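Peer 1: Here is how the chains run, residue by residue.
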Amino acid sequence: MRGKRVSSASIAQGLNRFLEDDRHLLLAFEKDARGVNLRAFKGKVEGLSLFNPVFSSNSALYVRRMFAKGTEIVLMLRPCEIRAYVELQKLSQMEREGIVAVSVDCFGAVSSKDEATEAPREAQAEKGLFRDFTHGRFACMTCRERRGVVGDAGVRVDKEGGLWLCPYTEKGEGFASLFEGETGETEAEMLPEGASPPEAEQFNTDMAAFSQDFSKCILCKNCKAMCPVCYCVDCLFNGDDYLPKGDALLNKVLRAGSTDLPQGKELFHLIRMFHVSQTCVGCGACEEACPQGIPLTRYFKGISERLQGLFSYLPGRSLDETLPYVTFLEEELKDAED
Amino acid sequence: MTAEKVEQNPEIIGFACSYCTFKASEMAGSLRMKYPEGVKLIQVPCSSRVDPAFIIKAIMDGADGVFVAGCHPGDCHFIKGNYFTRRKVAALKEMFDAFGMKERLRLFWVSAAEARRFVDKVTAMYNEIKELKNAGKTG
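So the protein lines, in turn, are chains A and B.
Residues in the first sequence are numbered consecutively from 1, following my numbering.
Residues in the second sequence are numbered consecutively from 1, following my numbering.
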């Protein structure tokens, strides 16, 4: 892979050059006394952190429905966030031209909820983190693509800890020209391991276990709100059709008999599970947002990997791949028919 | 109370394409063919109108089985609707498989002329689901 050898200093320098234009913005992580947080930079960049050891939400959420023309926005985020961004692009949920997506090699993260663990707040310390990563989030432990190989360009880390900037598209080439550094050939093996194949054992469960796990659900719909790819403005679950409340609930109970409350926990999660099945990047933002500690990632990721496997689809891999549900082959799935 | 176990009849919801399967069911009626009364048909303009959410809702609200029926591949009134149906239903079947209830969802291709095929498919499904239900395998 062709890339440019850069350093933290030359990245900051290049980004500052980019931000001189006041129509240019940068969405990246910032490190300060409070820890590492997401920040939209304008004008100049200070305290930039390429890595973020704590996962709180998927940052692609904040670029959804960003249709402003004339601005140039650079995203320097984790691979899972860039993959969600690519999926949102496919779904026409944002401006296509003005955004340059740069994925940065990821070494996994700890949960923002996990206060018991000594989350390494030092971003630099993170490089060696994944090796003995016992407190990691479930989603990160089972991540299928933690290399910065998605989007327009990637920031890669080689085995010695040196940084490389690799452009993948024309937009990425333009972005890479901002930075000083010698161009060269990167090693085939970088620090994060390659894409891991889907689990050999397919995810399997049953309705009893599912009911048990989701019985704590209070239907706050935080998982829906924080999911980067759950994008419908007019959601199916707004209104009384699927999740009846008040009089609609009363009528339903009178008609159909006794029911668990809140009504429709399983319905809500099963339908959402199907609706995000092809676009789910498995980032675990839903679990992060759940106040009840339901193991959402296990189910959503397990199911979506099975369903994506059906069409050999990896969400966010490339903008040229079409979403499986909006395309078809004439000769396929012969065994689907009964 | 009664020692004898009462046999339960399943409820099956069918989403039938108005251009083919629904016509076939009407033809079955006019030919006086019989199919089980637990089968409730819902007419849809095309089988691809069926959002998998409908199927999940039907199952969670008490249906013992659901089938989606449309025209044979290539014969869709809207040219390619049933190819999308096939992808969606195949994916939903995979999901149901993970939850151990694969047998509760079926996909049929029945053209407007195939009244006999419609009755056979629906009756076979009804009997299988009935067996499962009485063995306590469905909710």
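Read the hints as simulated data drawn from the structure, not as lab findings.
Source: prediction; values computed, not measured.
Cβ atoms here follow ideal geometry from the backbone N, Cα and C, with glycine treated the same way.
Warning: the hint list may mix true and false statements.
Label pairs and their computed distance ranges (CB to CB) [as the list claims (entries may be wrong)]:
#, chain 1, residue 1, chain 2, residue 2, range
1, A, 209, B, 61, 17 to 23 Å
2, B, 9, A, 225, 39 to 45 Å
3, B, 117, A, 251, 25 to 31 Å
4, A, 220, B, 61, 40 to 46 Å
5, B, 43, A, 259, 25 to 31 Å
Negatives, chain B to chain A, calculated, CB over 10 Å [to be verified]:
#, residue
6, 33
7, 90
8, 114
Peer 1: With reference to the structure, classify each hint as holding or not holding.
Peer 2: Going through the hints against the structure:
no.	hint	in the structure
1	A:209 <-> B:61: 17 to 23 Å	holds (21 Å)
2	B:9 <-> A:225: 39 to 45 Å	holds (42 Å)
3	B:117 <-> A:251: 25 to 31 Å	violated (38 Å)
4	A:220 <-> B:61: 40 to 46 Å	violated (22 Å)
5	B:43 <-> A:259: 25 to 31 Å	holds (28 Å)
6	33	holds (20 Å)
7	90	violated (4 Å)
8	114	holds (14 Å)
When each numbered hint is compared with the structure, violations occur for hints 3, 4 and 7.
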